[in-house]
Amino acid sequence: MLAHGKVIKYGDNVDTDVIIPARYLNTSDPAELAKHCMEDLDAAFVNKVNEGDIIVAAKNFGCGSSREHAPIAIKAAGISCVIAETFARIFYRNAINIGLPILECPEASRDIDDGDEVKVDFDKGEIINITKNKVYKSTPFPEFMQEIIAKNGLIEYIKASLYR
Amino acid sequence: MSMTMTQKILAHHAGLDKVVPGQLIKAKLDLVLGNDVTTPVAVKEFKKIGLDKVFDVNKIAIVPDHFTPNKDIKSAEQCKYIREFAREMKIVNYFEIGQMGIEHALIPEKGLVVPGDVVIGADSHTCTYGALGAFSTGIGSTDMAAGMATGEAWFKVPEAIKFELKGKLNKWVCGKDVILHIIGMIGVDGALYKSMEFMGEGVMALSMDDRFSMANMAIEAGAKNGIFEVDDKTLAYVKEHSTKEYKIYTADPDAQYAATYVIDLSQIKPTVAFPHLPENTRTIDEVGEVKIDQVVIGSCTNGRIEDLRAAASILKSKQVDPHVRTIIFPATQKIYLQAMEEGLLKIFVEAGAVVSTPTCGPCLGGHMGILAKGERAVATTNRNFVGRMGHPESEVYLASPAVAAASAIAGKIVSPEEVI
Ligand code: SF4
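Going down the list, the sequences are from chains A and B. For the first sequence, counting from 1, position 139 maps to 153 in our numbering; every step adds exactly one. For the second sequence, counting from 1, position 32 maps to 38 in our numbering; every step adds exactly one.
In case anyone wonders, no lab produced these hints; they're calculated from the structure. Ideal Cβ positions, reconstructed from N, Cα and C, are used throughout, including at glycine. Just to be clear, a hint being listed does not mean it is correct.
As the list claims (entries may be wrong) - Non-contacting residues of chain B with respect to chain A, defined by C-beta distances greater than 10 Å in every case (computed):
hint, residue
1, Leu30
2, Glu51
3, Ser272
4, Arg331
What the hints assert, rightly or not - Within a straight-line C-alpha distance of at most 30 Å, the following computed BS3-like cross-link-like pairs (lysine-lysine) qualify:
hint, chain 1, residue 1, chain 2, residue 2
5, B, Lys172, A, Lys165
6, B, Lys86, B, Lys340
7, B, Lys379, A, Lys165
8, B, Lys86, A, Lys49
9, A, Lys49, B, Lys77
One chain only, chain A, in its complex shape (with noise of 0.2 Å):
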């Protein structure tokens, strides 16, 4: 699996109620969040965003509330996979229930640069930069996790724990 984008930065902290304001959780409909994805961070956002853009942000991304709202309006919005130095824990778990690919790598975090082209390669660990023409390491899922992911989420993998 890849994904390939240009990269959209972001820094520390950056919680769910920005990447879905309150206001906006009285629907649960996708295409409805991602319109107000990172609103109240970022109100461009929205308009810059591509199919396939990469988010790349620093320590503690998605703290907050439990909202799976959050990693679902950003993969509404078109993001292939989010990059952070660590992530906050629901989000995490959110992300990857619902089939939305996370890395943690404090080195790409660090190095890579808002517009900067990069590509990601989820068996291989691998975050390739190609503006800067280099390559970060991040660590593999767990085979539990990996099971998730190619089950395409917890609930493809419940339905096929449940009716084996």
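Take the given structure of chain A and dock chain B with the ligand to it, following the hints.
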């Protein structure tokens, strides 16, 4: 290898003798919780699995509290959707307007969590029930769906940080100040992926309401869960509220911790978290001149009876500043009634505050107290992120009910001592 409280509870629920940090396990669940924001997504996912019943009608709780009483048509539709699901699945613990309250105050009050339980909730502040010596953690809607279907969830066994509490709190200092102090010290990712375990003689000096508000904010330090040692006060609370069977887990004396902090409760001062992160804390004497437009007292952090009593003791026979809109929202119907019987609501209204029905409303900028551009609020809630209570250019200062009430009178952030 020896284990912490959290590790023992998880091991037991996974049917294992031992677990180690980092291990991935599947644990049996004693309760699966959701609210009106997260449950609609969970129900959609549950329906994709194709089951016609949930794993246990008694072990699921659904509490519409965020946008209720419904603030608009969309939220009414969401509530209708989950209400119908609850009826169809015969879910016993569905709490409609009239019985409801803010989930994390309501669930313990209804006796649905007891020591030793494993609880997941599609709401980040599910960590609140750690106050009862349970393992309790926030998860997302898909996890909730999976939990309702299977009665199980996957977990990575966390490392722990130990907080050894000693001493007693001074007057006008409460659990909220302690947890703000701790978050200020370790940061909003200071306990990332870890459990925060509170123990020591200082725990005994804390009321249950103090412990609930401390466990509530464990997530604000990035923790997976917060958990308190069980003592006589815990057991008295459990006896009063529940008939469920409980089990007490204690940490092995030689359990391993990623870090240990000794916190002397007598040294803690009223503490305020400045915008826009709960870690931006200052003690009340370092606050300076911060004029405010609104005060909000309530939420799953500080909407319990002791919180209302503390606020009332300050507001009694006084008036809030005419420029400060003061909104008080008891966390549950039972707390509301108790506050009424104790005369607290009268004190609030006479002081010029409004009292709202239980709802999350203002806490998440949902309804019932939204801030305009440039406005500032002191709130007893748990998050002060950008735009949390309204306009992205508004500000939220987190504090205890005593500080919030005093600030409402003064029109700026002050210590309770300044208005008494
Ligand atoms: S009161 Fe606030 S923090 Fe608590 S559950 Fe409601 S919205 Fe969340």
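Could you let me know if the closest chain A CB is still more than 10 Å away from the CB of Arg331 (chain B)? holds, 19 Å
Straight-line Cα separation of Lys172 (chain B) and Lys165 (chain A) no greater than 30 Å? violated, 49 Å
Is Ser272 (chain B) truly not at the interface, in the sense that its beta carbon sits beyond 10 Å from all beta carbons of chain A? Given that every Cβ of chain A is farther than 10 Å from that of Ser272 (chain B), nearest at about 31 Å, it holds.
Does Lys165 (chain A) sit within 30 Å of Lys379 (chain B), going by the straight-line distance between their CA atoms? The hint is violated at about 45 Å.
Far enough from chain A: is every CB of that chain over 10 Å from the CB of Glu51 (chain B)? The claim breaks: Glu51 (chain B) does not keep its Cβ more than 10 Å from every Cβ of chain A (closest is about 5 Å).
Does Leu30 (chain B) really sit off the interface, with its C-beta more than 10 Å from all C-beta atoms of chain A? Violated, because the least Cβ-Cβ distance between Leu30 (chain B) and chain A comes to about 5 Å, which does not exceed 10 Å.
Hint check: Lys86 (chain B) vs Lys49 (chain A), CA-CA at most 30 Å. Holds or violated? holds, 25 Å
Distance restraint between Lys49 (chain A) and Lys77 (chain B), which requires alpha-carbon spacing of 30 Å or less: At roughly 21 Å apart (the allowed maximum being 30 Å), Lys77 (chain B) and Lys49 (chain A) satisfy the hint.
Is Lys86 (chain B) close enough to Lys340 (chain B), meaning Cα to Cα at most 30 Å? Distance of about 24 Å is within 30 Å: holds.
Violation of the numbered hints given earlier is confined to hints 1, 2, 5, 7; the remaining hints are satisfied by the structure.
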